[in-house]
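Visitor: The lines below spell out each chain.
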Amino acid sequence: MSLPGWKQIPLGAVILKPGNSVEYKTGEWRTLRPEINQEKCIRCRTCWMFCPEGAILEVEEPYKTQAGKEYRLTYKVNYDHCKGCGICANECPVKAITMIEEAI
Amino acid sequence: MSKPLTVWDLPKDEFLAPGHRMCQGCAAAITIRHILKAAGKDVIVVMPTCCGEITSTVYPQTAWRVPWIHVAFENAAAVASGVSAAIEALKRKGEIPEEKDIKVIAIGGDGGTFDIGFQALSGTLERGDNVLYVCYDNEAYMNTGIQRSGATPLGAWTTTTPVGKVWRGEWRPKKRKDLIAIAIAHNVPYAATANPAFPVDLYTKVKKALSIKGPKLIHVLSTCVPGWRIEPEKAVEIAKLAVLTGMWINYEYENGVYRVTTPVPKRKPVSVYLRLQGRFRHLTDEDIKKIQELVDADVERINKLVGKQVIGPVES
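Residue numbers (our numbering), protein chains in the order written: chain G, 14 to 117; chain W, 11 to 326.
Bound-form chain G, shown alone (with noise of 0.2 Å):
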């Protein structure tokens, strides 16, 4: 990230640039990283509802499981900017998301 100099900065301290901080990835304070197995998911909106980040994305991305069971919607994780918290893991009904180590 660069830094803007003293001319470049606007009066009072305004931030002119609303919702900037997704140039900032706090995906990088994440040891653990959520998978979602699109399998399992029963697309109930728990993980997106909680997530804090709003990391959770509601994608319009119809998909087909094994057994034939067709959604409209398919959740994705934002990793960019997903902390790693897991709640999303904690409160699935389903068990969908899985916490797993990042690798180094």
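Derived by calculation from the structure, the hints in this document are not laboratory data.
Among the clues, some could well be false.
The calculated lysine-lysine pairs, modelled on BS3-like cross-linking and capped at a C-alpha distance of 27 Å, are [as the list claims (entries may be wrong)]:
| hint | chain 1 | residue 1 | chain 2 | residue 2 |
| --- | --- | --- | --- | --- |
| 1 | G | 82 | W | 110 |
| 2 | G | 30 | W | 318 |
| 3 | W | 110 | G | 89 |
| 4 | W | 51 | G | 38 |
| 5 | G | 38 | W | 22 |
| 6 | W | 318 | W | 184 |
| 7 | W | 318 | W | 22 |
| 8 | G | 77 | W | 22 |
Covered stretches of chain G (in silico footprint by chain W; criterion: 3 or more residues with CB under 8 Å from a CB of chain W, positions within the stretch not fixed) [to be verified]:
| hint | stretch |
| --- | --- |
| 9 | 24-31 |
| 10 | 63-72 |
| 11 | 77-86 |
Simulated DEER-style distance windows between Cβ atoms [as the list claims (entries may be wrong)]:
| hint | chain 1 | residue 1 | chain 2 | residue 2 | range |
| --- | --- | --- | --- | --- | --- |
| 12 | G | 116 | W | 108 | 42 to 52 Å |
| 13 | G | 116 | W | 187 | 41 to 51 Å |
| 14 | G | 26 | W | 169 | 35 to 45 Å |
| 15 | G | 52 | W | 103 | 56 to 66 Å |
Since we're looking at a predicted model, the values are computed, not measured.
Each residue gets a CB set at the ideal place from its N, CA and C atoms; glycine is no exception.
With chain G fixed as given, assemble chain W onto it according to the hints.
Guide: What follows is chain W alone, placed relative to chain G:
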């Protein structure tokens, strides 16, 4: 009454951008996400110094996608009143269309609400300004390093209520001050408590509060991973246990009527909630009995206010 909302009624918009520096598993982040989902884009947020402030706006970055203003610990509610008055004035001058509904929300921690910002909050509630004040309550001054606040519960360890041979954590033998009762004493039209483990309930309450004109207050429990000495993945589970044990009661007050929004027919004993947290690890069975008695008294009080038994007895 309209149909209760479900998880599928929560909008997909994210007004709190990822990349904020709140701790792993921070419940305040969940709370703020859902408050902003309920408020939508036409909102001005005022925030005193608190965990959410220092972590969401690390200069030159901000996690907020809505207009946001930081003010001192003491005056969040007063500034929110000012913003609300300015919107009124601009409407009168024709600078903003009359029909445009711009909401003003002040979000503060328990230190900024119970202690330091208390007189400003009282002023806002008393004057009847059109402001929603949300207190997310992590039960101590967490961002400065876990010092006790007016909201710290009996027995809790903090750095200023240490645990040793003489001092056994927070000493205040009574229940902490009741923020909702204080708000109601100011004759507010709406006051409620909410919990991050029940986001749909929180969302509904914020929506409802914003539809009412006048001062409103919502008090939200907020589990704190470093301050409560808990595992990050347990943050939501413990918040849920607070409701299931009766340590926290989700209720709302609207124009003189109390309503419990999360009834608990059979309560769990408080030890289930306390034993999961490092800040309560020093408590003896005797201490827990004392806390259980406080909770029993509070449950009885709420049941009396509602007029029927919505929170049941402790299951054996």
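Visitor: Compare the structure with each hint and give your call.
Guide: Okay, the hints, checked on the actual structure:
1. 82(G) to 110(W): Violated, because 45 Å separates the two Cα atoms, which is more than 27 Å.
2. 30(G) to 318(W): 51 Å, violated
3. 110(W) to 89(G): Violated. Residue 110(W) to residue 89(G) sits at ~36 Å, over the 27 Å cutoff.
4. 51(W) to 38(G): With Cα atoms ~25 Å apart, residue 51(W) and residue 38(G) stay inside 27 Å; holds.
5. 38(G) to 22(W): 21 Å, holds
6. 318(W) to 184(W): 25 Å, holds
7. 318(W) to 22(W): Not OK: residue 318(W) and residue 22(W) at ~37 Å, beyond 27 Å, violated.
8. 77(G) to 22(W): Satisfied, since the Cα-Cα distance of roughly 23 Å is no more than 27 Å.
9. 24-31: Since three or more residues must qualify, the claim that chain W covers the stretch 24-31 of chain G holds, with 4 doing so at under 8 Å.
10. 63-72: Held - the stretch 63-72 of chain G has 7 residues with a Cβ nearer than 8 Å to chain W, which meets the minimum of three.
11. 77-86: With 0 residues in contact (Cβ-Cβ under 8 Å with chain W), the coverage given for the stretch 77-86 of chain G is violated.
12. 116(G) to 108(W): 42 to 52 Å: 59 Å, violated
13. 116(G) to 187(W): 41 to 51 Å: The hinted range 41 to 51 Å holds for residue 116(G) and residue 187(W), with Cβ atoms some 50 Å apart.
14. 26(G) to 169(W): 35 to 45 Å: Violated, at about 30 Å.
15. 52(G) to 103(W): 56 to 66 Å: Holds - the Cβ-Cβ distance for residue 52(G) and residue 103(W), about 60 Å, lies within 56 to 66 Å.
Hint compliance for this structure: hints 1, 2, 3, 7, 11, 12 and 14 are not met, and every other hint is.
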